[in-house]
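Fit chain B to the known structure of chain A by using the hints.
Residue numbers (this note's numbering), protein chains in the order written: chain A, 557 to 739; chain B, 411 to 765.
It should be emphasised that the hints constitute simulated quantities derived from the structure, not laboratory data.
Cβ atoms here follow ideal geometry from the backbone N, Cα and C, with glycine treated the same way.
One thing to keep in mind: the hints can contain errors.
Restraint-style ranges between C-beta atoms, simulated for each label pair [what the hints assert, rightly or not]: (1) P722/B / N670/A: 31 to 37 Å; (2) R524/B / E734/A: 55 to 61 Å; (3) A638/B / D659/A: 45 to 51 Å; (4) C612/B / A645/A: 25 to 31 Å; (5) W492/B / Q654/A: 57 to 63 Å; (6) A424/B / A645/A: 17 to 23 Å.
These stretches of chain B come out as covered by chain A in the derived footprint (C-beta under 8 Å, 3 or more residues) [what the hints assert, rightly or not]: (7) 538 to 547; (8) 672 to 683.
A few chain A residues that don't get close to chain B, going by computed Cβ distances all over 10 Å [stated by the list, open to error]: (9) A628; (10) N670; (11) S674; (12) E688; (13) A724; (14) S726.
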Amino acid sequence: MNPCFADPLGRGVALSTLAQVLLDGANGVAQAQRLCTSLDPRLVAASAAALVVLLAFLVRAVRRGSRWWLAAIATVVASYTPGWIHALALRADRPAAQAVLTDDVAAARTTYTNAMRSALASTPPATCFVPEFRDTCVEFSGIYLPAAADLWPRHRCIGGESSAVTVAVSACSPTRAEARIIP
Amino acid sequence: MTVFSRVALFACVAFLVVTALTAPNVAYEYDAAGWWIPRAELERAHTGATVNLLRTRETLPLLLPWLGVHRHPVAGPMVVGWLARLAPLTVTAARIAALRDAALLVLLLALIRRRVDRDVNRATLLSAVVLACPFLFVHLRTGYIDLTVGAAAALLVIAMMDVLRRPRRIAWLAVGLAGTFLVQLKLEGTVHAVVGVVAVACCATDVALGRRVRVAGVTFAIIGINLAAWQLTLRLVPDSPLPPGIFYWDQFRPAALPQYVFHVVRHAIDYATWGFVWPLVFAVAITTRRWAALVSFGGALTAFAFCYAVGPPVMIVWAASGIQLNRLLLEILIAGLPLIAGVGASSRPGASSVA
Numbered sequence: 557m558n559p560c561f562a563d564p565l566g567r568g569v570a571l572s573t574l575a576q577v578l579l580d581g582a583n584g585v586a587q588a589q590r591l592c593t594s595l596d597p598r599l600v601a602a603s604a605a606a607l608v609v610l611l612a613f614l615v616r617a618v619r620r621g622s623r624w625w626l627a628a629i630a631t632v633v634a635s636y637t638p639g640w641i642h643a644l645a646l647r648a649d650r651p652a653a654q655a656v657l658t659d660d661v662a663a664a665r666t667t668y669t670n671a672m673r674s675a676l677a678s679t680p681p682a683t684c685f686v687p688e689f690r691d692t693c694v695e696f697s698g699i700y701l702p703a704a705a706d707l708w709p710r711h712r713c714i715g716g717e718s719s720a721v722t723v724a725v726s727a728c729s730p731t732r733a734e735a736r737i738i739p
Numbered sequence: 411m412t413v414f415s416r417v418a419l420f421a422c423v424a425f426l427v428v429t430a431l432t433a434p435n436v437a438y439e440y441d442a443a444g445w446w447i448p449r450a451e452l453e454r455a456h457t458g459a460t461v462n463l464l465r466t467r468e469t470l471p472l473l474l475p476w477l478g479v480h481r482h483p484v485a486g487p488m489v490v491g492w493l494a495r496l497a498p499l500t501v502t503a504a505r506i507a508a509l510r511d512a513a514l515l516v517l518l519l520a521l522i523r524r525r526v527d528r529d530v531n532r533a534t535l536l537s538a539v540v541l542a543c544p545f546l547f548v549h550l551r552t553g554y555i556d557l558t559v560g561a562a563a564a565l566l567v568i569a570m571m572d573v574l575r576r577p578r579r580i581a582w583l584a585v586g587l588a589g590t591f592l593v594q595l596k597l598e599g600t601v602h603a604v605v606g607v608v609a610v611a612c613c614a615t616d617v618a619l620g621r622r623v624r625v626a627g628v629t630f631a632i633i634g635i636n637l638a639a640w641q642l643t644l645r646l647v648p649d650s651p652l653p654p655g656i657f658y659w660d661q662f663r664p665a666a667l668p669q670y671v672f673h674v675v676r677h678a679i680d681y682a683t684w685g686f687v688w689p690l691v692f693a694v695a696i697t698t699r700r701w702a703a704l705v706s707f708g709g710a711l712t713a714f715a716f717c718y719a720v721g722p723p724v725m726i727v728w729a730a731s732g733i734q735l736n737r738l739l740l741e742i743l744i745a746g747l748p749l750i751a752g753v754g755a756s757s758r759p760g761a762s763s764v765a
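Here chain A stands alone, though its shape is the one from the complex:
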């Protein structure tokens, strides 16, 4: 497994690619501190390549007497290399993995929604419900809200609405979710 994705939260839990995306979204992005608990050799190689490009630009700029700002911009562009490699090739939601990931997320959402819909089947259409997570892995709680949106016109309660139905949700796997109404 890519060491960047092994234990991002330092809790001794190895997250799947899907869980990484659900948990991270756009937030973690390319942060080595967060996603890498050990030094990834690919990032080291990318950094070395960036350094070579940087030196080449600098030498050329000095020899040709070019403006220093051009060298500075070249430095910055070269410094982007590790980040671009990470975004394009290493990240869990890199473009090449996007199609599979889209299917996985859609399947997880469907699993969640079906469980919620099944639990709410006997309630009136405009039921207001309150989710209550039980035995829930934290990385999958984020997918609850999209599932709730799919249940419209049933809707999530905010605050203390009077006709609330409490639904206990349990999901520690993207392929399995359970929901039941708490009397």
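Only chain B this time, still in chain A's reference frame:
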């Protein structure tokens, strides 16, 4: 130089458009996927559905950035839903949102080129380099609204500069629209608006003081009216189940400040996220005397430091784990881009004063 500039401009526009067109349909967690993208899809399928949600009392509290529940106002999903209706069904609302952000950034780039007071080629190159940073690529594809907030803040700065130079009616209208859009967009939009006004008013020293004060006053009034509108909305809703705010003004925690500074520095030098873009913009700002840009960056970082000190302790945890702070840094970077590129507030020594 001109060739470099044109190539950079073309590459930058192509990059933004292609990135937006290939944005994924993956439902990211929480903000984007959990709230506004589903509502945009709902609006696409059922005209008026988003407005109807207002009547449920479920949505309204989520629309109140004023209280710190920074969901997007209802206009966002509605507009994106309408736009998505024009597109084929395979084009998701998330992708429409990416196209919206890309369009805003291209507009920003065009406005910067038309308004820089000195070297247009250098401004174009610099803007292209900033917009090509890896974090922007990833962020543009996610459906989050931080890029929109940053671009709106930058547009407000440009509109204020236009009013300072030529106070025409259309320039004032642009200030009103950009200010309203920015404040209504998200909680931190107000911070960016205030910081932008201060930066422009303090640093455009080649414009007469009286005119700067008048423009700043009117812009502050626009910001205030928009904030008051939220308060008025609160008062008009009977028995609204309001959530608590996320700021605790009576619990100022100075201990959060050094942690905040540490995390800002740690994020800004993370070259795997930003490359060297932050050292570059600070170097450019100092060497070219873009004091307005420095005021913009410094003011926003200071304001957010205060927010962290009065916010719940978990905000520092979010900052540490990258959930929140690097998105704020992205907003700050884009908001200050016109000033870095040289739009308006150049405070050149010896520049003639505009009466």
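**Verdict for A638/B, D659/A (Cβ pair) under range 45 to 51 Å** = 47 Å, holds
**Item:** Whether the CB-CB distance between P722/B and N670/A falls inside 31 to 37 Å
**Value:** 35 Å Cβ-Cβ, so the 31 to 37 Å window holds.
**Asked** Honestly, do W492/B and Q654/A meet the 57 to 63 Å range at C-beta?
**Response** 26 Å, violated
**Prompt:** Range hint 17 to 23 Å: satisfied by the CB atoms of A424/B and A645/A?
**Reply:** Taking Cβ atoms as reference, A424/B and A645/A lie about 21 Å apart, which means the hint holds.
**Prompt:** Can the suggested window of 25 to 31 Å be confirmed for the beta-carbon pair C612/B and A645/A?
**Reply:** 44 Å, violated
**Asked** Would the least Cβ to Cβ distance between A628/A and chain B come out above 10 Å?
**Response** Contrary to the label, A628/A does not stay out of reach of chain B, its closest Cβ about 7 Å off (not over 10 Å).
**Request:** Run the C-beta distances from N670/A to all of chain B and say if the shortest one exceeds 10 Å.
**Result:** Given a closest Cβ separation of 16 Å, the condition holds.
**Prompt:** Minimum Cβ separation between S674/A and chain B greater than 10 Å?
**Reply:** 20 Å, holds
**Item:** Distance rule for E688/A, whose beta carbon must clear each one in chain B by more than 10 Å
**Value:** The claim holds: E688/A sits with its nearest Cβ about 17 Å from chain B, beyond 10 Å.
**Exclusion check [A724/A not at the chain B interface, CB over 10 Å]** = 19 Å, holds
**Message:** Between the beta carbons of R524/B and E734/A, is the distance compatible with 55 to 61 Å?
**Reply:** Holds - the Cβ-Cβ distance for R524/B and E734/A, about 58 Å, lies within 55 to 61 Å.
**Asked** For the segment 672 to 683 of chain B, does the count of residues with a C-beta closer than 8 Å to a C-beta of chain A reach 3?
**Response** Holds, because 6 residues of the segment 672 to 683 of chain B bring their Cβ atoms closer than 8 Å to Cβ atoms of chain A.
Of the numbered hints listed earlier, those contradicted by the structure are 4, 5, 9.
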